[in-house]
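Undergrad: One-letter residues, chain by chain:
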Amino acid sequence: MFNSKILSKAWLMEQKSLIALIILIMVVSFINPHFFTFNNVSNILRQTSVNAIIAVGMTIVILTAGIDLSVGSILALCGAFAASMIGLELPVLVTVLITLVGGALLGSVTGFVVSKGKVQPFIATLVAMVLLRGITMVYTDGRPISTGFTDVADSFAWFGTGYLFGLPVPIWIMAVVFAGAWYLLHHTRFGRYVYAIGGNEEATKLSGINIDRVKMGVYAIAGVLSALAGIIVTSRLSSAQPTAGAGYELDAIAAVVVGGTSLMGGSGRVMGTLIGALIIGFLNNALNLLDVSSYYQMIAKAIVILLAVLVDTKSK
Amino acid sequence: MDSPILSITGIDKSFPGVKALDNACLNVYSGKVMALMGENGAGKSTLMKVLTGIYTKDKGRIEFEGKEQYFTHPRASQHAGISIIHQELNLIPELTIAENIFLGREKTGLLGKIKWSEMYKEADELLARLNIKHKSNQLVGALSIGEQQMVEIAKALSFDSKVIIMDEPTDALTDTETEYLFKVINELKAQNCGIVYISHRLKEIFEICDKVTVLRDGKFIQQAEVADIDEDRLIEMMVGRRLEEQYPRIERPLGDKTLEVAHLSGKAVHDVNFTLHEGEILGISGLMGAGRTELMKMIYGALPYTSGEIKLKGKKLDIHHPSQGLKAGIAYISEDRKKDGLVLDLSVKENMTLCSLNYFTNAWGIKYKDEIQAVEDYIQLFNIKTPTYNKIIGELSGGNQQKVAIAKGLLTRPNILILDEPTRGVDVGAKKEIYELINKFKQDGLSIILVSSDMPEVLGISDRILVMHEGEISGEFDIKDANQEKLMACAVGKVPTQYIDNH
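Keeping their order, the protein sequence lines are chains Z and H.
In case it helps, numbering that gives the first Met the number 0 puts the first sequence at residues 0 to 315.
In case it helps, numbering that gives the first Met the number 0 puts the second sequence at residues 0 to 502.
Hint data in this document are derived by calculation from the structure and do not stem from the laboratory.
One thing to keep in mind: the hints can contain errors.
Listed next, the in silico DMTMM-like pairs over lysine to aspartate or glutamate satisfying Cα-Cα at most 25 angstroms (straight line) [what the hints assert, rightly or not]: (1) H:K337 - Z:D211; (2) H:K337 - H:E64; (3) H:K310 - H:E277; (4) Z:K204 - H:D11; (5) Z:K204 - H:D344; (6) H:K310 - H:E471; (7) Z:K204 - H:D339; (8) H:K337 - Z:E88; (9) Z:K204 - H:D159; (10) H:K337 - Z:E201; (11) H:K479 - H:D443; (12) H:K266 - Z:E201; (13) H:K66 - H:D11; (14) Z:K115 - H:D317; (15) H:K266 - Z:E200; (16) Z:K15 - H:E394; (17) H:K326 - Z:E201; (18) H:K31 - H:D57; (19) H:K161 - H:D123; (20) H:K390 - Z:D311; (21) H:K310 - H:D255; (22) Z:K204 - H:E293; (23) H:K337 - Z:D150; (24) Z:K117 - H:E124; (25) Z:K117 - H:D344; (26) H:K31 - H:D229; (27) Z:K313 - H:E394; (28) Z:K117 - H:E93; (29) H:K390 - Z:D211; (30) H:K431 - H:D453; (31) H:K182 - H:D159; (32) Z:K15 - H:E471; (33) H:K338 - Z:D211; (34) Z:K115 - Z:E13; (35) H:K326 - Z:D211; (36) Z:K204 - H:D255; (37) Z:K204 - H:D229; (38) Z:K117 - H:D170; (39) H:K326 - Z:E200.
Only a predicted model underlies this, so the values are computations on that prediction, with no experimental measurement involved.
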């Protein structure tokens, strides 16, 4: 039974992004022996973690047939607030909690506009993206906010630069986020409703499910995860950049799409998104190691995304 | 006899697990209307899809104007002169009549500029030929369904169609519009068009058709002159057995009153009153658009009502959302599985438990073992043909999808089960299984409301029948006093007083 499952064509098709990732790693390791070393891989995973964490929220939003363009702006604004609070020497735990709650609130406001206001997610989150970026600029006056040189700032830096059991802290955070999202999507009613809404909103509504609440929850989760990413970025740099996170929404969407989640909603897996984020992360690093200029890297990234989508459409 | 302009012979077509067509045949003659009859799932639509190139046939021969033809694409058959007017019209409401007629083959001049005046002139001529009073620069969205159908016919004419297929054309039409359609059909006949007329309405067959072809379970049964047969003979050909067998009936004493609806009004529903008892099957008959679905959705909480009240076991209900309806013990199974009944991309299991996950959840989340057990029980009980509970439901047949939808409602442990067109798009065998299930629920004391446009079905299994017309109850019958003529009279709003059964 187990054997036939591994060998079946359908199973292979389902794991195609994983297979692509393994092939990528094998090919690049063959060309450059420095690629698949513990240090380099740990480095790639740390670099990927911010995009991957945001992409988890994006996956859940996209599963409901929505989209969230505001993730980068939420990251910047929450990061700026976090930097200010650390600058005021608020305890780290309090700062983190307030920042996460702030992200959730920002996300649920967008979610409210989408669900109760019946505004298309693209428009609602585009508005939020521009608005929150503007607020960030006003708040920071366009300048970075330093976390300062206090003991509190030093302990806050742990989130971005620290190590736990030999691995960078952001990797652990990423792992916890993915495990949590997997559990949420596949073991709770909320997760089931996310898929149902993306598959057929009308039928879900008629099944007595409060779809407005689920949608608000979904955007709130995207907001929390963006704020979490903001904490990691701010912590790593010991300062909040007003332009932080610009364009991150597109990287997150790319990871989701490469991971096989349909933009039409209703089908996809969060573990696919992890692989999608890793493919993009490993590819960037490999091209760096192979001395490819960053201009060509963009072209390579575009080709990978296109290929992933084409393979996905063909296999359906 | 003339030789046919279109002759389809010996068509076979299989889908995974089903033989949809098995030696199906059809002849169409110029200047004649050929009725294509058969029950739901008899293969009429499949045959038309094979003819127009939407499906490829496994076997058989299509001969058009004396030559064998292979249409690989709907456009190919359309250009050859075979047009089909689908039950669901394929018009774009935001475009004008002329733009719809010439969609995809606009007349263009230099630099691809559309020759508007020429297009509108030609479209106006087509409309005039059909006696339509609209200008071709009007938006299609502003027209009634009947008028939109006329636009489809005009479109068919613009292709110089020699054969026009009409799939259930009168389903959504008013009486006047139907009369008008028949006039147009007669004109098309006079212009030597061959017409295929697909309908369930026996009366129309005898009114407008010259010949009839009957399909049953994908097989060709017979071709006959309409003049040579009567309704009973036609039904016999279609059903292939006597009606009583199709509708098993069980008797059971009526229980207490469960649902009382008083003076309920809202959009498309006016002042509706009725009661429902335990162990009773209440049939709701009427034409499309009579407000039946709206009424049911109001009771369930999916649509708002403006006045009136709903009582359940004597207690007044205040329902504004389906979740409240479910909580009160009312389950509604939608008429439209694709639109708002099922999530077609999810599995059998996930669909079946969508309304009732609260019974399968604890603080840690969904209890998969319990959920799977319940789903497997229903798969067995309802004889749902699916390889596993993880099968994507969109890949099952209509009958099996419907059984899952009914199971989904039952899993919420309702007292009142509302079934809206439960056998639409369901094959004959599965239909009977569904009737047997409904009877079983009745035996168990459930109150059941059966909304159906299929009159034999309503007459076959209901204990009492309400007829709706334009949002109002236009008749109420005990099953002993009901027959198809009485129901139809009430459905179209012509209510001779002696038909109303006061009790």
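Undergrad: Between K117 of chain Z and E93 of chain H, is the straight-line Cα distance small enough, at 25 angstroms or below?
TA: 22 angstroms, holds
Undergrad: Against the 25 angstroms threshold, does the CA-CA distance of K31 of chain H and D229 of chain H hold or violate the hint?
TA: Between K31 of chain H and D229 of chain H the Cα gap is close to 19 angstroms, so the pair holds against 25 angstroms.
Undergrad: Checking one constraint from the list: CA of K310 of chain H to CA of D255 of chain H, max 25 angstroms. Satisfied?
TA: Since the Cα atoms of K310 of chain H and D255 of chain H sit roughly 13 angstroms apart, the hinted pair holds (cutoff 25 angstroms).
Undergrad: Straight-line Cα separation of K326 of chain H and E200 of chain Z no greater than 25 angstroms?
TA: 20 angstroms, holds
Undergrad: Is the straight-line distance between the alpha-carbon of K337 of chain H and that of E201 of chain Z 25 angstroms or less?
TA: 10 angstroms, holds
Undergrad: Verify the proposed pairing of K115 of chain Z with E13 of chain Z, using a straight-line Cα cut of 25 angstroms.
TA: 36 angstroms, violated
Undergrad: Holds or violated: are the alpha carbons of K182 of chain H and D159 of chain H at most 25 angstroms from each other?
TA: Since the Cα atoms of K182 of chain H and D159 of chain H sit roughly 19 angstroms apart, the hinted pair holds (cutoff 25 angstroms).
Undergrad: Hinted pair, alpha-carbon criterion (25 angstroms max): K204 of chain Z, D344 of chain H. Please report holds or violated.
TA: 16 angstroms, holds
Undergrad: Given the hinted pair K337 of chain H and E64 of chain H, is their Cα-Cα distance within 25 angstroms?
TA: Roughly 38 angstroms between the alpha carbons, so the hint for K337 of chain H and E64 of chain H is violated.
Undergrad: Mind checking the alpha carbons of K390 of chain H and D211 of chain Z for me, to see if they're no more than 25 angstroms apart?
TA: It is violated: about 28 angstroms lies between the C-alpha atoms, which goes past 25 angstroms.
Undergrad: When you check the alpha-carbon spacing of K313 of chain Z and E394 of chain H, does it fall within 25 angstroms?
TA: Holds: K313 of chain Z and E394 of chain H sit about 18 angstroms apart, inside 25 angstroms.
Undergrad: Keeping to a limit of 25 angstroms between CA atoms, is the pair of K337 of chain H and E88 of chain Z held or broken?
TA: Violated, at about 57 angstroms.
Checked against the numbered hints above, the structure breaks hints 2, 4, 8, 9, 18, 23, 24, 29, 32, 34, 36, 37, 38 and satisfies the rest.
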